[in-house]
Amino acid sequence: VNRDDFERLAGSVLEGGLDTGERERIERMLSSEPEWRESWEDLRAAREALASARLEEASAGRQSDIMRAIAREGRAIRRPTWIEGIVAAFRARPALANGVVLAIGVAAVVVAIGALTGGFDAGRKFAPSTVATVPVTPEAAAPVTLDVGGAQLEARLIQEGPRAYARLRATGAEAGRVVLEWDQENLKLVALDWGAGDGGSGVEARPGRLEVELSSAHVCDATLQVEGDSPGTIRVTLETPSGHRTGMLSPGRAARSSTR
Amino acid sequence: VVRRETAETVQSALLELGEDDRQVLVLRHWLDRSYAEMSEALGIPETTVKSRLFEARQRLGRTLRHRGVTES
Chain A
994 VNRDDFERLA GSVLEGGLDT GERERIERML SSEPEWRESW EDLRAAREAL
1044 ASARLEEASA GRQSDIMRAI AREGRAIRRP TWIEGIVAAF RARPALANGV
1094 VLAIGVAAVV VAIGALTGGF DAGRKFAPST VATVPVTPEA AAPVTLDVGG
1144 AQLEARLIQE GPRAYARLRA TGAEAGRVVL EWDQENLKLV ALDWGAGDGG
1194 SGVEARPGRL EVELSSAHVC DATLQVEGDS PGTIRVTLET PSGHRTGMLS
1244 PGRAARSSTR
Chain B
3 VVRRETAETV QSALLELGED DRQVLVLRHW LDRSYAEMSE ALGIPETTVK
53 SRLFEARQRL GRTLRHRGVT ES
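Just so you know, the sequences run in chain order A and B. What the first sequence shows, in the working numbering, is residues 994 to 1253, in sequence order. What the second sequence shows, in the working numbering, is residues 3 to 74, in sequence order.
Be a bit skeptical, because a hint or two may be false.
[As the list claims (entries may be wrong)] Here are the in silico distance ranges between beta carbons for each label pair:
1) B:46 / A:998: 30 to 36 Å
2) A:1223 / B:20: 32 to 38 Å
3) A:1228 / B:22: 33 to 39 Å
4) B:49 / A:1168: 43 to 49 Å
5) A:1017 / B:46: 17 to 23 Å
FYI, nobody ran anything at the bench for these hints, they're computed from the structure. Each residue gets a CB set at the ideal place from its N, CA and C atoms; glycine is no exception.
Chain A with its partners taken away, still in its complex shape (with noise of 0.2 Å):
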């Protein structure tokens, strides 16, 4: 038995998806080697231990920590978001960005030679077989506004395919608590990320709920896995000590409009 194997086999166990015989075979392997046995009882220590200890019963401020390390890291934990994909794309292929310049210039030649032959709907029978495909901006997903005392909050959220990213921003003068809650069968957190700032303070994660303090101008994005069809709803609730309001957040498309 090499290191593969026991890789695999130990994880099989670990992940509960062992038959008979493969479970007969490492029991074999843990008892003839005294090397693979220790390593099988730091595996298993580990589970056990993450299994016990959910992220949402620590406590706030180890939430914190935690959630921070993620954010960090969210660079390479989260996918680039649908506009980051298309920078991406522009940087590393101009010829595609000129593609869209020149794309966007015939549809106005054509719109243009339609007015002045006759009008806008005589210049749509010119319009182009091919569709142009635009993007929508950020912008374009419905946002919520909540304003509590000094304290107000933009929201909207924003699906791409199976993720969903719920950007959160502080415009008033005064901080206040955000909570977000969800269908968790619909939607899973997968990362954090903050646009400006030390972002992170006041995090508690859980199944279906999230909350984050935002100050003033500050930023978070919370990027999610949507489980089914449709993220559902996400309320929005702003809370200060002065009172709180709610919302409810729906998606707004990040997929490309068409225009003819």
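Please arrange chain B on chain A, whose structure you already have, making use of the hints.
Relative to the frame of chain A, chain B by itself:
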């Protein structure tokens, strides 16, 4: 209280791991990501995900055993 203390110890050990280790453990055990999802999120093959997870569990387990945190 004991449970919370254990949670604090585990999370403290987790924060001491390298980024690669922490990423796979959090994604797998706390965010319930599948191997395929982790592969996609991290941009590495599934075989590498499994291998990285194996090593991360081993390092975390060793640290916890040294600190007296053992499985229940």
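We went through each hint and held it up to the structure:
no.: 1; hint: B:46 / A:998: 30 to 36 Å; verdict: 22 Å, violated
no.: 2; hint: A:1223 / B:20: 32 to 38 Å; verdict: 37 Å, holds
no.: 3; hint: A:1228 / B:22: 33 to 39 Å; verdict: 35 Å, holds
no.: 4; hint: B:49 / A:1168: 43 to 49 Å; verdict: 46 Å, holds
no.: 5; hint: A:1017 / B:46: 17 to 23 Å; verdict: 32 Å, violated
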